[in-house]
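Peer 1: Sequence:
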Amino acid sequence: AQGFAQAGAHVLLVDIPGKSLKEISETLPGTGHKYMEMDLSQLSQHSKIFEMAQSMAPLAALAHCAAVSRRRADVDDVTEADWDIQLDTNLKVTFFLNRAARTSFRSHKSTGSIINFVSQAWWSGGYGGSVVYAASKGGVVSLTKGLARAFAEDGVRVNAISPGGVDTPMMVSDQTPEALAKFVSMIPLGRLANPEELVGAVLFLASDASSYVTGTVMNVSGGQLMY
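Residue numbers (the numbering used here): 1 to 227.
To be clear, the hints were calculated from the coordinates, so they are not data collected in a lab. The reader is advised that the hints may include incorrect statements.
[Claimed, not checked] Taking CB as the label site, the calculated pair distances span:
hint: 1; residue 1: A7; residue 2: E80; range: 40 to 48 Å
hint: 2; residue 1: S44; residue 2: A7; range: 26 to 34 Å
hint: 3; residue 1: S110; residue 2: M186; range: 36 to 44 Å
hint: 4; residue 1: P169; residue 2: H108; range: 34 to 42 Å
hint: 5; residue 1: S211; residue 2: P188; range: 26 to 34 Å
[What the hints assert, rightly or not] Computed list of lysine-lysine pairs in DSSO-like fashion (alpha-carbon distance at most 27 Å, straight line):
hint: 6; residue 1: K109; residue 2: K145
hint: 7; residue 1: K34; residue 2: K109
hint: 8; residue 1: K48; residue 2: K19
hint: 9; residue 1: K109; residue 2: K92
hint: 10; residue 1: K34; residue 2: K48
hint: 11; residue 1: K48; residue 2: K22
hint: 12; residue 1: K92; residue 2: K19
hint: 13; residue 1: K92; residue 2: K34
hint: 14; residue 1: K48; residue 2: K92
hint: 15; residue 1: K48; residue 2: K145
hint: 16; residue 1: K109; residue 2: K48
hint: 17; residue 1: K34; residue 2: K22
hint: 18; residue 1: K145; residue 2: K92
hint: 19; residue 1: K19; residue 2: K34
A virtual CB, placed ideally from N, CA and C, is assigned to each residue, including glycine.
Let the sequences and hints guide you as you build the complete structure.
Peer 2: Okay, structure coming up:
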């Protein structure tokens, strides 16, 4: 959000209630930013996001990074509820949100960019009880490619960004210190990324600088996905 605002965009923040969106929106540089509290699993509400966005300025890009991880120690520990919440949040929501974005672009006779966040897990397959999360993100990669093809006739580009380890609360709290240290040891650059280090990739895919790029996955992994 900071990167988009610094680039001069009007930013609409969307997250579940209780995420301090008002305070975050007020820290963004520039003016005209708004926020909306929404549970994205309420699929019928997605159109409201784009109605508000279009009221602010012509919609240019959707950056979709909402996700849920239910990491378990072993495959045998995964419950049906673990499966459902990860596939529903990470895959089903992505499809319907992307489709709602395309509908908004089309109804306003405009083109634009959709950027879905995946994870290095789609490539590695995950480990132990994280395989369900990995499967959900692998599905998002396939979905991104398929929707890029389907939306191309409307001039809507769809790409994905695949971060490696990023220093976020979900990343740090979702595993033991020992497991996190082992994970970091497999990154050639030897550290987790700061969230700000993803900004350039997101802005590139959102801008006309990538006007001939669609259906691709951009790795921002500190070299991790070389292996």
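Peer 1: Please go over all the hints and tell whether each is borne out by the structure.
Peer 2: Hint by hint, here is what the structure shows:
The hinted window of 40 to 48 Å between A7 and E80 holds, with their beta carbons roughly 43 Å apart. Separation of S44 from A7 is about 32 Å and conforms to the stated range, judged on CB atoms against 26 to 34 Å. Judged by the Cβ atoms, the range 36 to 44 Å given for S110 and M186 holds: they are separated by roughly 42 Å. Taking 34 to 42 Å as the suggested C-beta distance range, the pair P169 and H108 conforms, at roughly 35 Å.
A beta carbon spacing of about 31 Å between S211 and P188 agrees with the range 26 to 34 Å that was offered as a hint. Restraint check for K109 and K145: satisfied, since their Cα atoms lie roughly 22 Å apart, inside the 27 Å limit. For the hint pairing K34 with K109, the CA-to-CA distance comes to about 23 Å; that is within 27 Å, so the pair holds. As the CA atoms of K48 and K19 are separated by approximately 19 Å, the hinted pair is consistent with the 27 Å bound.
The hinted pair formed by K109 and K92 meets the criterion: a straight-line CA distance of about 26 Å does not exceed 27 Å. Simply put, K34 and K48 have alpha-carbon atoms about 13 Å apart, close enough for the 27 Å limit, and the pair holds. For the suggested pair K48 and K22, the alpha carbons sit about 18 Å apart, so the restraint of at most 27 Å is met. Only pairs whose Cα atoms come within 27 Å are accepted, and K92 paired with K19 is accepted, the gap being roughly 22 Å.
With a CA separation close to 25 Å, the supplied pair K92 and K34 stays within the 27 Å bound. The hinted pair formed by K48 and K92 meets the criterion: a straight-line CA distance of about 18 Å does not exceed 27 Å. A threshold of 27 Å between alpha carbons decides the hint, and for K48 with K145 the separation of about 25 Å falls inside it, so the pair holds. Between K109 and K48 the CA atoms are separated by roughly 18 Å; this keeps the pair inside 27 Å, and the hint holds.
The straight-line distance between the Cα atoms of K34 and K22 is roughly 8 Å, inside the 27 Å bound, and the hint therefore holds. Restraint check for K145 and K92: the C-alpha separation of about 15 Å stays at or below 27 Å, so the hint holds. The straight-line distance between the Cα atoms of K19 and K34 is roughly 14 Å, inside the 27 Å bound, and the hint therefore holds.
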